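Chains as they are written, first to last, in the numbering used here: chain A, 1 to 651; chain B, 652 to 1317.
Among the hints, erroneous ones may be present.
Here are the simulated lysine-lysine pairs, DSS-like style, with alpha carbons at most 25 Å apart [as the list claims (entries may be wrong)]:
hint, chain 1, residue 1, chain 2, residue 2
1, B, 783, B, 757
2, B, 757, A, 633
3, A, 95, B, 1150
If you want a taste of the chain B side facing chain A, the calculated C-beta under 10 Å gives, among others [said to hold, decoys possible]:
hint, residue
4, 805
5, 884
6, 888
7, 892
8, 895
9, 1306
In short, the hints are calculated from the structure, not lab data. All values reported here derive from a predicted model rather than from experimental measurement. Heads up, the beta-carbon is just placed ideally off N, CA and C, and yes, glycines get one too.
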Amino acid sequence: MSRAAAAAGALVVLLSTGPVYAGLPDWAKEIAADAPEIPDGIPEWRARVLLEESHVEVAADGASWRIRERLALQYLSNRVEDVQYHLFDFDDTIKVKRSKGWHLPPGERAQRNVGGAVDITLSDDFLTDAKERAVVLANVRKGSLVFYEFEAEGKPYASGDVIPFSTDEPASVIRWSVDLPPGWALRHAWLRGAGPEPVRSGSNWAFEVRDTVPIKEEKLGPAPGNTGLRLAVGLIPPAGTSPAVPAFSDWSALGRWWGSLLEGRDTPDDAIRKAASAALASAGTAPLDRIRALAKVARDRVRYLAREVGIGGYQPHPASSVMSDLYGDCKDKGTLFRALLAAGGYSSFAIAVNATLEQTIADDVATLGSFNHFIVGVAWPPDVPPPSEIASAIVEVPSLGRLLIVDVTDEYAWPGTLPPYLAGHRAFVMTHDGGTVITLPPGNPSDDRVVQKASTTVEASGWVEVKLEIARFGAPAEAARAERAASIVDRRHDVEDDVRRAWPGANVKDYAAVTERTDGAYVETLTLEIPAGSAAIQDGALAVFAGASMGVQRVPTSRRRVDVVYETPLSLTYDATLSGLPAASAMPAGQEATGNGWRVASKFDRSGGAIHGVWTFERARTRFAPGEFPELKTMWSAALRAASPTIRLTP
Amino acid sequence: VNLRRPFVLFAVAILSAAPGIAKSRHAAPSTAIEIAPGPTVISPEEAAIAPDPAAGSQHGVVLIEETERNDDLLSGWQISYHLRAKILSAEGRSLADAEIPVAKGKAGLKTWWGRTLLPDGRVLELSQDELKTQSLVKTSSKEVVTLKGALPGVVPGCVIDYGYTIRGDDFLAIWPLTLQRIWPVRLIRYRWVPNREIHAAFLKSQTDGKDVTITQGSGSILVVARNLLPVPEEPYMPPIDETRATVTLYYIPYYVDPEMFWRTESIWLDKGLKRYLGDGEAVKKTIEAMEIPKDAPLRDKLKAAYDWFEAHMKNTGRLSAEEVEQGDRAETPGDNDTVRSVLEWRRGNASELNYAFAGVARRLGADADLVFASDRSSSYFKPGLKYLGQFAYVMVALHFPGDPKETVTVLAAGSGYPYGDVPWRATGAEALRCTSEGPESIVIPPAPPERSATDTHVTISFGEDDETMLVKWSRTALGDAGIGGRRYLRQLDPVERKKDLEGRCRGNSAAEVISADLPDLDDAAKPLRMTCDLDTGTSDVTPEIARYALPLTGPWWPETPVFPSETRVNPVVFEYPKTDTVSIDVTSPAGFVPKGDLPPVHADNQMGHYALNVTATATGYHVVRTLTILPLIVRPPGYPELRRFFEVVDRYDKTTLPFERHGGAP
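Build the full structure now, drawing on both the sequences and the hints.
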């Protein structure tokens, strides 16, 4: 049975019972009494959060937390599903004690949630202990007030967390509070902006944010998950005490705890040493060649399999078992890579990072909640200057020297380039005595680039042949490799469709691809045949940089209110040579334009009967705020104009 | 409407023909199979299998998949399963992530084996003890789990071999055994022993010309399929489940004689209609309200009644966002068991409206029957499958006295379609007509292309210094070309609707939408109309060029099929025959003049009609392009002709309008 089918079945079971009338709890009554009026007309948001509250009560020894979550929602639209539910996330460290829901329809008595407790596993991980407790309410409509309350007891692995202060709908109040045991302290830091100061009352700390409005997803817009305040909190026991659960006074403490979980896991056994030896036997002598050869063993031979159960969420399996099983998650693959490096004579460091969310790490508050991914920092030999091609994957760490950042979980990333989802993220390097927070390089256009060479020959018959080579590096290469890995046939179709859009009427005569060239490029070569009279050469003119503008992503901006955000910086180079032209063919004039964080240029020269042109577009920035949209439009316009010249094929 | 056959997508079957599974104990062919672990060595033939992406084997090949399902036990069922596969790529390794559907945990697992056969001859085992339990759903009284195990050491080139026997007790009434998968399959064997107390049957589909055999034994069947390739995904292909070789296994409700299934259900549905219509008083009152002239011909009366329904009866499945927001609900108040509340409140869902219209038609003197049709964009009605859950549409078939028996008019009351037209998803494939005498198979033809037409008007000019292109365009869409879009747009709230409309206006471009409107969105009597005013923000007109070529196409261009592939495996299936007309008036860029008329283009054959006329005017160009697509389905033998036609369309649609600088070079 699929997870979706199981979840649907569970909801059907819940809905098979009718509503039960019940009084609201006092906290809900207060909210209901003060609930705002429902606005007339069609609302922009179908619901609003009146209260989202989490409260934690820490046991005297810090070993367990009593957790209480409350949620109050007001529905503003009739266009909502009449069955609504809320999910409480938990895992094997948390025991749900109570889960209830109430629905107060407009003008009616309150009803309790339908059915009993249902726990559903929604994660796609192969093995996981992550579950959701579902509470279901029926007959919800415009004007309905719904309330959910969960109580649970948790035994966390560590004292601290990162708490999101954002919701899917506008929220009146989002509150997180904690009751600490006597003598305990709380360390906190707001992420992604300045939040309000906490309100303290005895051992109670309360953080409250009011009147938030989430952003909506837009093309080339910020990811909603990367907006909204987050609060990092660390709970610190009195000095000199040994809490039952690790409490991290600083990042070094966290590093020591996590390091103890990694201890011995990266020890190479005979099989690992043999694999390392085999990989290095065919590698060059330069450190980069050797590190890449070892990375590819972990990247390519070990299939990704998520196993997030219990402490397994933090502790990798021994490298020896990963090598024999040839499967594992990011920690397993990274740890095997570290073992291979050790066997090859390189030292390395485990690095924790958040691969899906930005700004999750606070300098002053060490917490495990900041991370969801495991990568590796390879100690770069101090006596060897790193080649320029890996500059954006190198981090200089005080006391550790230069580290080459490698993510062997990403099967499509070329070791030595930083995948786009890591660029600019903060991360935590674990060392034998603790660790340190670093910032990963932001990336630059020379890493994420596309270099296109088109050699065009005009035949006497009027037909045109184009030999095309497109080499992608960095993020563009990753995307292409991933598509090809999924389906070689689909990738070829997509590329051929693009080419036919660039040269309307062209026939693709042949196609070939190299998935990973020795320089890490993903390379495709095509030969096109453009019959005389085809749309691409109507009126006797041919575009010099046909298709170049397709690489410049644009969006409408006149009514846009959110930033334009590109995944990575980007460099596009289009090198075109046209031969067989009439002697009288005029050579286009070159163009050049620059702006804040971008540059566009085209230049031409003539050699014998051939005209040679190069168009380049470089965008170093990834973000443009609405006030900078004129700059953005200038950049787009300059890029398209520089790419637009045509050359006459007939006198 | 004469029910012509050229549009039939799915071969018409005899309504009663569907093989049941014999329960006889008389001599019958053996269907016995033994499900056991495969060899622990890779055979030379297996070793020779290499990736062949063009044949669908980029990632792996299923060498053997065999299953035995025994429902004929004292309680519950037992399934034995065996999979042997060659892994060919890194992505293919996921086939080694085994999930065993033991609803109740390890107690349900009777046997297990799992191993990886490596190219170097080593064999790596995954023991039963290493399988992990994963909870899926847990309530206070029940937990549904699955067992999971990852075979170790899997690399491209290896063979995996695993299998198990499990017991369970839930009941499965119908399931499709899909024989063509996303990867090539060398051998599938599936033996089913149904519960002998229940009628069991099967239906094979898309198996012609494929190596698929079905052996009926005594109380069992064995399906064997060999050497099946994946069905390639192609543009304008039928729904994927209607292209793959499949055997549907199912039970028939105990209260129906399998041999009389459709006859029984048809008569039952017709009786249900009569019960729903009740004593006829509500219908009579409604007809009186229609004020149809008593002496009008029957056809005119029925058309008048249909038009009255469209104008006065609300389809609660087609409410706009504004109507829902004002408190309109999908439910009709009152007693839902009879037509009375639907007619009194003048509202109902599509089924209720069509049941009600059937009552009106009968009262007016027509021979009116219910028609049930599938949504052919997702699946076709298969008469050989004795299963009622195949239908998405309820409609009404009218037969007029004196007309040939096979000539009927099918109406979809409350659909928004004009009299005689029905939603395209219900056309072209078999449908079920339920008469008081029994079932009839009918095929509803699509509307002719002129009733599903779009008409697009475009004006193009250039902004100051020719730096930008300004485009105003509008489109009216009739019938199927507009009704689906109207329904969708009405369901969006104003903000979403505006965003959607602006997206339609600018297409894939980054043009700025200055204004966009849907002037007649809520007037179902008028065609759907949209108007757009765009600023492209850029143009290719630069001071240094002497000539300029403007493409005809842009966001205003109607979706036009393209068939780049020279070969075709699946039939080409269009949504509906249609005609798209585009007229464009271009004002020349400043300093440029049109070079002159272009030669007119005409292409006509049985696939369609195409015409392109480009004439130079005093201010620029006037363009008229018309494309009519005639067929609903083109089978592979007709593909070359279809492709040739659309190659012409594609070639001339890419025409550019040539301008030259007035007075020569700049």
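A quick look at each hint next to the structure:
1. 783/B to 757/B: Holds, because 9 Å separates the two Cα atoms, which is no more than 25 Å.
2. 757/B to 633/A: violated, 62 Å
3. 95/A to 1150/B: violated, 44 Å
4. 805: holds, 6 Å
5. 884: holds, 8 Å
6. 888: violated, 14 Å
7. 892: violated, 17 Å
8. 895: Since chain A brings no Cβ nearer than about 17 Å to residue 895/B, farther than 10 Å, the hint is violated.
9. 1306: Hint on residue 1306/B: holds, closest Cβ of chain A at ~7 Å, below 10 Å.
Figure legend: structure checked against the earlier numbered hints; hints not met, in rising order: 2, 3, 6, 7 and 8.
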